[in-house]
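Chemist: Respectively, the protein sequence lines represent chains W and R. If you're matching positions, the first sequence starts at 0 in numbering that gives the first Met the number 0 and goes up one per residue. If you're matching positions, the second sequence starts at 0 in numbering that gives the first Met the number 0 and goes up one per residue.
Read the hints as simulated data drawn from the structure, not as lab findings. Given the structure is predicted, the values throughout are model-derived calculations rather than measurements. One should not assume that every hint holds.
[As the list claims (entries may be wrong)] Below, computed lysine-lysine pairings styled on DSBU-like, alpha-carbon distance capped at 35 angstroms:
{"#": "1", "chain 1": "R", "residue 1": "LYS131", "chain 2": "W", "residue 2": "LYS130"}
{"#": "2", "chain 1": "W", "residue 1": "LYS67", "chain 2": "W", "residue 2": "LYS131"}
{"#": "3", "chain 1": "W", "residue 1": "LYS67", "chain 2": "R", "residue 2": "LYS130"}
{"#": "4", "chain 1": "W", "residue 1": "LYS131", "chain 2": "R", "residue 2": "LYS130"}
{"#": "5", "chain 1": "R", "residue 1": "LYS67", "chain 2": "W", "residue 2": "LYS67"}
{"#": "6", "chain 1": "R", "residue 1": "LYS67", "chain 2": "W", "residue 2": "LYS130"}
{"#": "7", "chain 1": "W", "residue 1": "LYS67", "chain 2": "W", "residue 2": "LYS130"}
{"#": "8", "chain 1": "R", "residue 1": "LYS67", "chain 2": "R", "residue 2": "LYS131"}
{"#": "9", "chain 1": "R", "residue 1": "LYS130", "chain 2": "R", "residue 2": "LYS67"}
{"#": "10", "chain 1": "W", "residue 1": "LYS130", "chain 2": "R", "residue 2": "LYS130"}
Number of protein chains: 2
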Amino acid sequence: MISIRRYQESDWPAVWPMLHATFAAGETYAYAPQTSEAQAYHSWIEAPAATYVACAPDGRVLATYYLKANQPGLGSHVCNCGFVVSSEAEGQGIASAMCQHAQREAVAMGFLAMQFNLVVATNERAVRLWKKLGFAVVGTLPGAYRHQRLGLVDALVMYKTLSA
Amino acid sequence: MISIRRYQESDWPAVWPMLHATFAAGETYAYAPQTSEAQAYHSWIEAPAATYVACAPDGRVLATYYLKANQPGLGSHVCNCGFVVSSEAEGQGIASAMCQHAQREAVAMGFLAMQFNLVVATNERAVRLWKKLGFAVVGTLPGAYRHQRLGLVDALVMYKTLSA
Numbered sequence: 000m001i002s003i004r005r006y007q008e009s010d011w012p013a014v015w016p017m018l019h020a021t022f023a024a025g026e027t028y029a030y031a032p033q034t035s036e037a038q039a040y041h042s043w044i045e046a047p048a049a050t051y052v053a054c055a056p057d058g059r060v061l062a063t064y065y066l067k068a069n070q071p072g073l074g075s076h077v078c079n080c081g082f083v084v085s086s087e088a089e090g091q092g093i094a095s096a097m098c099q100h101a102q103r104e105a106v107a108m109g110f111l112a113m114q115f116n117l118v119v120a121t122n123e124r125a126v127r128l129w130k131k132l133g134f135a136v137v138g139t140l141p142g143a144y145r146h147q148r149l150g151l152v153d154a155l156v157m158y159k160t161l162s163a
Numbered sequence: 000m001i002s003i004r005r006y007q008e009s010d011w012p013a014v015w016p017m018l019h020a021t022f023a024a025g026e027t028y029a030y031a032p033q034t035s036e037a038q039a040y041h042s043w044i045e046a047p048a049a050t051y052v053a054c055a056p057d058g059r060v061l062a063t064y065y066l067k068a069n070q071p072g073l074g075s076h077v078c079n080c081g082f083v084v085s086s087e088a089e090g091q092g093i094a095s096a097m098c099q100h101a102q103r104e105a106v107a108m109g110f111l112a113m114q115f116n117l118v119v120a121t122n123e124r125a126v127r128l129w130k131k132l133g134f135a136v137v138g139t140l141p142g143a144y145r146h147q148r149l150g151l152v153d154a155l156v157m158y159k160t161l162s163a
């Protein structure tokens, strides 16, 4: 059984390698493949409203997500999240558990909806999971993602109104 | 005949009042109505790749726009712009001229597409103008904008692939 808790500074040595591996692959996130540790720390830890980790029963960090407002001011009632699972922990439902956790946290913080701005269309597993969790594809951005293997591919905007 | 050129520091005393009036109205931009001058300066001048002003023949600044990458890294071939016209200069085609100028500048900078992330659906004049200039509504975000008079209203994602 995994547990999800707030990120602590001592988690960074476990979090950075999974962010680095995900960004370096260049198939799912906009962050440049050569994103530095300092840039990743800023984007994943400093800039968001909150960051979380999912841990194995023995305490090992298996995955992480951030939660933040998607827009300033008059768009700040809609939040945005990013989820990264370490490759060794894939296929165990951790992304699903984190997304459900994120929705509860978002509601507790007062957010009314959650938006994903750039879901890479070829990331079929993610698209399927978000749909299963109630997110709708509300937009398609033609060629908006420069996939490191496939070249320019479409990206999806996905959205879910949250209920308390 | 208006002319469009790069923003210079001496333009700020003319640019800030039109940004302030637009943000304070809270009907078209996400920026909070109470956005401070320093915050506006950061968002409109410092953060973007470039900022421009549209001037009357006598040199008066009538309008302004910014141009920046919409996403980092693997999404950075898509740009984003924001346009603000002073209330006294509305209805003269300045937004249209700026958007066409922005598309040429974006192509010159190597951008392949332009995306507007949060076009307030009730801002019918803007929606009509962007459509006329070749932008497609590629997404609708339900209740994503907290309109200061109307409450939560939809926002549109609009997108145009640019050709050199």
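Chemist: Tell me, which hint numbers fail for this structure?
Modeler: Structure breaks no hint.
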